[in-house]
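**Student:** As you go down the protein sequences, you meet chains D, Y, G and R in turn. For the first sequence, my numbering assigns the number 1 to the initial residue and increments by one for each residue that follows. For the second sequence, my numbering assigns the number 1 to the initial residue and increments by one for each residue that follows. For the third sequence, my numbering assigns the number 1 to the initial residue and increments by one for each residue that follows. For the fourth sequence, my numbering assigns the number 1 to the initial residue and increments by one for each residue that follows.
Don't take every hint at face value.
Identical copies go unnamed one by one, so any copy, or any two together, can satisfy a pair.
Listed below are the simulated DMTMM-like cross-link pairs for lysine to aspartate or glutamate, each with C-alpha atoms no more than 25 Å apart in a straight line [claimed, not checked]:
#  : residue 1 : residue 2
1  : K277      : E240
2  : K115      : E185
3  : K307      : E185
4  : K170      : E303
5  : K307      : E41
6  : K267      : E308
7  : K307      : E276
8  : K351      : E185
9  : K90       : E138
10 : K170      : D81
11 : K75       : E233
12 : K90       : E164
13 : K267      : D167
14 : K64       : E233
15 : K170      : E298
16 : K307      : E240
17 : K351      : D61
18 : K196      : E111
19 : K307      : D283
20 : K141      : D287
21 : K170      : E185
22 : K307      : E40
23 : K351      : E300
24 : K62       : E25
25 : K196      : E138
26 : K277      : D235
27 : K277      : E185
Keep in mind the hints are simulated off the structure, nothing from the lab. It should be emphasised that the depicted structure is a prediction, and the values quoted were computed from it without experimental measurement.
There are 4 protein chains.
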Amino acid sequence: MSDKTKDNTVKDYDGTKTPLQTPDERVGYAVIGLGDLTEEELYPAFGRSARSRLVALVSGDKEKATIQARQLGLKDSDVYDYDHFEELEKRDDVQAVFIVLPNSLHREYTERAAKIGKHVLCEKPLSVSVADAEAMVEACKAANVLLMTAYRIQYTPHHQAAREILDNGKLGRAKLMTAVDVQTEPNEGQWRLKAKLAGGGSLLDVGLYCLNTARFLTGEEPYEVFAYTHSTEGDPRFTEVEESVQFTLRFPSGLISSNFCSYGTSKHRSLRVLAEKGNLLLDPAFDYTNLRLIRDTETEVTETLVKEVDQFALEIDHFSECVQTGQQPYTPGEEGVQDQRIMEAIYRSAKEGRPVQLERFEGRDVFRGKAPTQPGRERS
Amino acid sequence: MSDKTKDNTVKDYDGTKTPLQTPDERVGYAVIGLGDLTEEELYPAFGRSARSRLVALVSGDKEKATIQARQLGLKDSDVYDYDHFEELEKRDDVQAVFIVLPNSLHREYTERAAKIGKHVLCEKPLSVSVADAEAMVEACKAANVLLMTAYRIQYTPHHQAAREILDNGKLGRAKLMTAVDVQTEPNEGQWRLKAKLAGGGSLLDVGLYCLNTARFLTGEEPYEVFAYTHSTEGDPRFTEVEESVQFTLRFPSGLISSNFCSYGTSKHRSLRVLAEKGNLLLDPAFDYTNLRLIRDTETEVTETLVKEVDQFALEIDHFSECVQTGQQPYTPGEEGVQDQRIMEAIYRSAKEGRPVQLERFEGRDVFRGKAPTQPGRERS
Amino acid sequence: MSDKTKDNTVKDYDGTKTPLQTPDERVGYAVIGLGDLTEEELYPAFGRSARSRLVALVSGDKEKATIQARQLGLKDSDVYDYDHFEELEKRDDVQAVFIVLPNSLHREYTERAAKIGKHVLCEKPLSVSVADAEAMVEACKAANVLLMTAYRIQYTPHHQAAREILDNGKLGRAKLMTAVDVQTEPNEGQWRLKAKLAGGGSLLDVGLYCLNTARFLTGEEPYEVFAYTHSTEGDPRFTEVEESVQFTLRFPSGLISSNFCSYGTSKHRSLRVLAEKGNLLLDPAFDYTNLRLIRDTETEVTETLVKEVDQFALEIDHFSECVQTGQQPYTPGEEGVQDQRIMEAIYRSAKEGRPVQLERFEGRDVFRGKAPTQPGRERS
Amino acid sequence: MSDKTKDNTVKDYDGTKTPLQTPDERVGYAVIGLGDLTEEELYPAFGRSARSRLVALVSGDKEKATIQARQLGLKDSDVYDYDHFEELEKRDDVQAVFIVLPNSLHREYTERAAKIGKHVLCEKPLSVSVADAEAMVEACKAANVLLMTAYRIQYTPHHQAAREILDNGKLGRAKLMTAVDVQTEPNEGQWRLKAKLAGGGSLLDVGLYCLNTARFLTGEEPYEVFAYTHSTEGDPRFTEVEESVQFTLRFPSGLISSNFCSYGTSKHRSLRVLAEKGNLLLDPAFDYTNLRLIRDTETEVTETLVKEVDQFALEIDHFSECVQTGQQPYTPGEEGVQDQRIMEAIYRSAKEGRPVQLERFEGRDVFRGKAPTQPGRERS
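Bound conformation, chain D alone:
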């Protein structure tokens, strides 16, 4: 194997190279919440980032956090528990926090972070209610810090390529988008099944992928929703939150979006768009790796081979770029608030057994900031 000279860059998924910033140039993050996602995805993502670095851990379990810190080359003093969170204020090397806590805690930690002047990258869903979500946007605005909803799929090449195919018109007008995001939540005690912590069931977690991706791929906002919820009778997992939701959205262009999410079904994640001259399939959609993007016309079936990238690194680096330049993120807090509004309408429709109207918005990408210059990452 070769020992050839390498320049100090990371290769981007389109082949271009991003110069790696030196540690001092990078945006430093404190991660709050050290669950599976943090350990399995975020730690490696920081290792593959070009403008971000992990400099502090915040956790309720100091022992675990300390072990992890050592593995990461951090000092014991880089570990904070929830009570001492505000001490991060003194840390100039921490410019941003990444909130990876149960949904109902997003508001509290966003507000606490804003108060000590840290920018906030917050896992989806932004919160558990429209009111909370709006309060988070307000708090960050007041503190003059940035707020980004961590909608990973909007930063990933396969989903971006799907949007481009729909935009370029070769498939003609899209008529239906049908998305499924289901999985088995086996553990009765999981916080996701507790109304107080999760704020809802499968809709707020996996269903939000369907919803947010429908909005992202069309660039439009739905004006009407109809939904059914369903929980298997007698299943002890679904006493506080719903098991499944089937929801249908109508978009101004005439497109109908039909979606299904569930916590009681073997894992499957896919999305299909049926258009005049062909159809587009993401199967799997939404996943961290191995996404497949396939187009069907009457004469050809084509899979576009999109290079695999670290989706989390792209997402984090976009936020770092915003922090460094002061620009609004592509998926700011407002983008998360809008999904919260639609999810509330979905629950209302299911409860009242009738379609529910939503505020109409004209134009595209109403709640989004400037798109990443290059898909997912800027190059200088």
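Got chain D; can you put chains Y, G and R on it based on the hints?
**Tutor:** Chains Y, G and R only, in chain D's frame:
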């Protein structure tokens, strides 16, 4: 290549052999309506059948019919025009008619056939309204002839295998069934786009595949439906009938069925069932050939290789067997009437913007006759 | 379903229409040998042909032949046994014979047909030796009748499309072609396993598909071959003929072709071409239906959806056209002779454990006649 | 997202958990050669390992090495250039070296490492000649250190699952194994295209995957080989080493293995085994991620979903376990020597235009150590 002795049978799709009846033993058919389906599918199907034979053609275009008759080895005197249809009464070798006319003519020809004592195999949809469909059932009952709705998919191995997989419980409880049947109807002048002839748009044609298959695979009857219809503004094809329908059905077991049909979308036909322990995919579903049946669990993806058969031959031979034995067909007129009821409810829901309730039925296969002894065909 | 007027044509696989000739205009065929292929493929193919018709059957089993004749709308007097074959001379409506007999009988019936002035379409392999094959070509030349080797794959859209893709240069230079055609021959008593009738084992039957397709796709002739044969020790099926052959061919362009055929292996038929800028896959290759043609490059995987056609009808109609116009078939006897030469070299290489040289030929399509004007079929 | 307590383990690909050793318990490695493989695969692999840690870097480019060291949390004093390699002797925390240098340097660094008492994990191919490879085995034996050939594929779940399927007999006797490993080596100046550094062309690099996997999957040793090499005339990349090799191996069980490797062909890596009752496909085979393992029988096509793991971590941890326990690696130096012998026979066959005999070995896994207790990793 071999000249080895062959016995006089047709091989069935499960490898067993059906003895070919001699011409005199077979049920003789007059086909009414000589369009594409008749020419491309039904003529070869009679050639592959074991208990059916084609003995007369009924058409408005005598010249075309005569050319086709000669190619089929029939005599010129085996051709009838619509005005002389009743002359078939004298033909003892014609025991049944196969109606392949535009939907709105189904009732008239069913009643005329019943009057002259011929059994009726009628293409789907059974008719254009519940009232007409019920009248057809009545007419056949009064005349003591059998009436079968030609629901091909209920006689075909892939769809039957899908039903068996759901029944055997290995995938656990089914939570969602999502089906798509869309195609482009390019020709403004086509009878399918004329309200008077077709009685409706994509729902009555391709949408009915989704609906009927959902009922077939579950064995249940839906108790509620919600629907949206949509026609692209300004598209001259969709001035009389709807372009697309998105409809959601609720079944007693808790299963939700989400369906989309359209005449304005590039061809796609698939069906997926999401269940507790895996999911089941037919892609394509509904087609005449090349169906694929795939099961997914957490550990395996399995495509069951079902032998290809002539689906129309299976369907016709089932009806012939009913004629010979006097038993009720698996998909009698009543099965068609029930779909007609649900389709009327779908249109009503779309029009009124609210879910519509349907009569509740307990038990399985409420409207079906005895299932074919062996999948699709009896062996003696 | 529609009863709309249809013109009197068959739709070709590229969408154009071929006018159906009237029965009198068509080339009349006697089929010799009524095994599975004849019954399951050739009878339907004549039904789908545009310039061919089946008018006589020749068989050793008169009873079976008579039943089949009646089903086909032929008279009892259209059935001949082998002893009365020469009576076909008087039949002006029989212009050609289609020989579908065990390999070792091909020469005899070709010579007998030539003697009575009938054109010969002969199943592959043309014969069981170079000497016999050359004699057949001579006999037909002397009698001034056409001889065509029934190389179906050279008349079928998927294989033709594969050749076009390689020709158009978009994949760059082809470096390797690897083909597999294996199946299980379960029946010890089958004529294919008898040296006297078959003239060889898997090579002459399935292996010939690999060989002939390699020559067809490249248009070149191999100049060297190396081969291994193998028969499982103690397997009673393979006492007279070989079970498997692995053979490697070298072509003038530098392409290496690696092939495997077997009678002792679960069915699989595929072909892959590895080229500079991508690769081409036929999987399955060679089959009668459901062929799939897939291209892979670094950025895309594309399946070309080629319309399904009756491959046998295309093949037979090409020969009928040659009979009607006097032109040399695309795959004349000479094409079959060349494969016979290469197969003899394959057996010699395996026996002597060394590469065997073949006569070198420059240019493309050295042994082929004019290609069908349109893929597979001429239109007037 | 969750902050739930996690135990200190890594999840293994079969769901079991391996306890993470503490830094002091782990085997410390110096990596020699900091090319793409090292940077992109080995650094992350050490991060995912359970009993291995990276403690020193050896490179000719000190600046690059220092930057990488800092990113990895190493000190500047952990970087060594080639001249100071022997200083590692003093480093008690370095028990093993991982050689990732051009092939022709493998012997030198193995011998130097052995001399200073370090165990050697050496990238494949073990060396550039049988003589060199045997010398390496001797040197390590003499110095009483372990030598392992880094045959990653023998430690990876998909390839192990393929071997198990062949072993369990459900597919019956395997008759053919056909493997392809081709790619484009675009860069004329690359060391892989220099005879002195690489010791050969595509065979020693990608072809070795085909060869080693054929031996691994069968557990047998080939007794005869026949080969063709080919280089495109005038291609400046292939003046020193061959572009492509087609080689056929015969195994004692009767299985024939047909292989193709190339540096002049668009990337493709697959392997198919044709057996009595079905066939087995790895497509892609050999890759670092996204391998697919598919079985075909007459009735089903089944893809086994094997969990993705870090293949390099499995490989390295196996060697660490051997270092800790003193057992012989599964793929010791001897395993590499045997491939070297076969590759020399392949080159000889191609040069002399005849099959070449190899020493016959009875029994299975003649050159392998004890298999990893659990696929790829031991659990205590």
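**Student:** So, for every hint listed, does it hold in this structure?
**Tutor:** Hints, one by one, checked against the model:
1. Proximity of K277 to E240 under the C-alpha cut-off of 25 Å is restricted to the inter-copy arrangement: shortest distance 23 Å between copies versus 44 Å within a copy.
2. Proximity of K115 to E185 under the C-alpha cut-off of 25 Å is found in neither arrangement, the shortest distances being 35 Å within a copy and 55 Å between copies.
3. Taking the closest pair of Cα atoms, K307 and E185 come within 25 Å of each other only across two copies (19 Å); inside a single copy the shortest separation is 31 Å, beyond that limit.
4. For the homomeric pair K170 and E303, the shortest alpha-carbon distances inside one copy (15 Å) and between copies (18 Å) are both at most 25 Å.
5. Proximity of K307 to E41 under the C-alpha cut-off of 25 Å is found in both arrangements, the shortest distances being 18 Å within a copy and 16 Å between copies.
6. When the C-alpha separation of K267 and E308 is checked against a cutoff of 25 Å, the pair qualifies both within a copy, at 21 Å, and between copies, at 16 Å.
7. Taking the shortest Cα distances, K307 and E276 sit within 25 Å of each other only across copies (20 Å), while inside one copy they are farther apart (28 Å).
8. When the C-alpha separation of K351 and E185 is checked against a cutoff of 25 Å, the pair qualifies only within one copy, where the shortest distance is 23 Å, while the shortest distance between copies is 38 Å.
9. For a Cα distance limit of 25 Å, the shortest separation of K90 from E138 inside one copy, 24 Å, qualifies, whereas the shortest one across copies, 60 Å, does not.
10. In this homomeric assembly, K170 and D81 never come within 25 Å of each other (Cα to Cα): the closest approach is 53 Å inside a single copy and 46 Å across copies.
11. Taking the shortest alpha-carbon separations for K75 and E233, neither the intra-copy value of 50 Å nor the inter-copy value of 60 Å comes in at or below 25 Å.
12. When the C-alpha separation of K90 and E164 is checked against a cutoff of 25 Å, the pair qualifies neither within a copy, at 44 Å, nor between copies, at 58 Å.
13. Taking CA atoms no more than 25 Å apart as the test, K267 paired with D167 passes between copies only; the shortest distance there is 20 Å, against 30 Å inside one copy.
14. For the identical chains of this complex, K64 and E233 are neighbours neither inside a copy (38 Å) nor across copies (60 Å), given an alpha-carbon limit of 25 Å.
15. Taking the closest pair of Cα atoms, K170 and E298 come within 25 Å of each other both inside a single copy (13 Å) and across two copies (22 Å).
16. For a Cα distance limit of 25 Å, the shortest separation of K307 from E240 qualifies neither inside one copy, at 41 Å, nor across copies, at 32 Å.
17. In this assembly of identical chains, K351 and D61 lie within 25 Å of each other by CA distance neither inside one copy nor across copies; the values are 39 Å within and 57 Å between.
18. For the homomeric pair K196 and E111, the shortest alpha-carbon distance inside one copy (19 Å) is at most 25 Å, but the shortest distance between copies (64 Å) is not.
19. Proximity of K307 to D283 under the C-alpha cut-off of 25 Å is found in both arrangements, the shortest distances being 16 Å within a copy and 18 Å between copies.
20. In the homo-oligomer, the alpha carbons of K141 and D287 never lie at most 25 Å apart, since the shortest distance is 32 Å inside one protomer and 48 Å across protomers.
21. Only between protomers do K170 and E185 lie at most 25 Å apart by alpha-carbon distance; the minimum there is 19 Å, versus 39 Å within a single protomer.
22. Within a single copy, K307 and E40 get their C-alpha atoms as close as 21 Å, and across copies as close as 15 Å, so both meet the 25 Å cut-off.
23. Proximity of K351 to E300 under the C-alpha cut-off of 25 Å is found in neither arrangement, the shortest distances being 44 Å within a copy and 38 Å between copies.
24. In this assembly of identical chains, the alpha carbons of K62 and E25 lie at most 25 Å apart only when taken from different copies (23 Å versus 29 Å within one copy).
25. Taking CA atoms no more than 25 Å apart as the test, K196 paired with E138 passes inside one copy only; the shortest distance there is 23 Å, against 59 Å between copies.
26. In this homomeric assembly, K277 and D235 come within 25 Å of each other (Cα to Cα) only across copies, at 15 Å, whereas the closest approach inside a single copy is 44 Å.
27. In this assembly of identical chains, K277 and E185 lie within 25 Å of each other by CA distance solely across copies; the values are 12 Å between and 38 Å within a copy.
Hints 2, 10, 11, 12, 14, 16, 17, 20, 23 from the earlier list are contradicted by this structure; the remaining hints agree with it.
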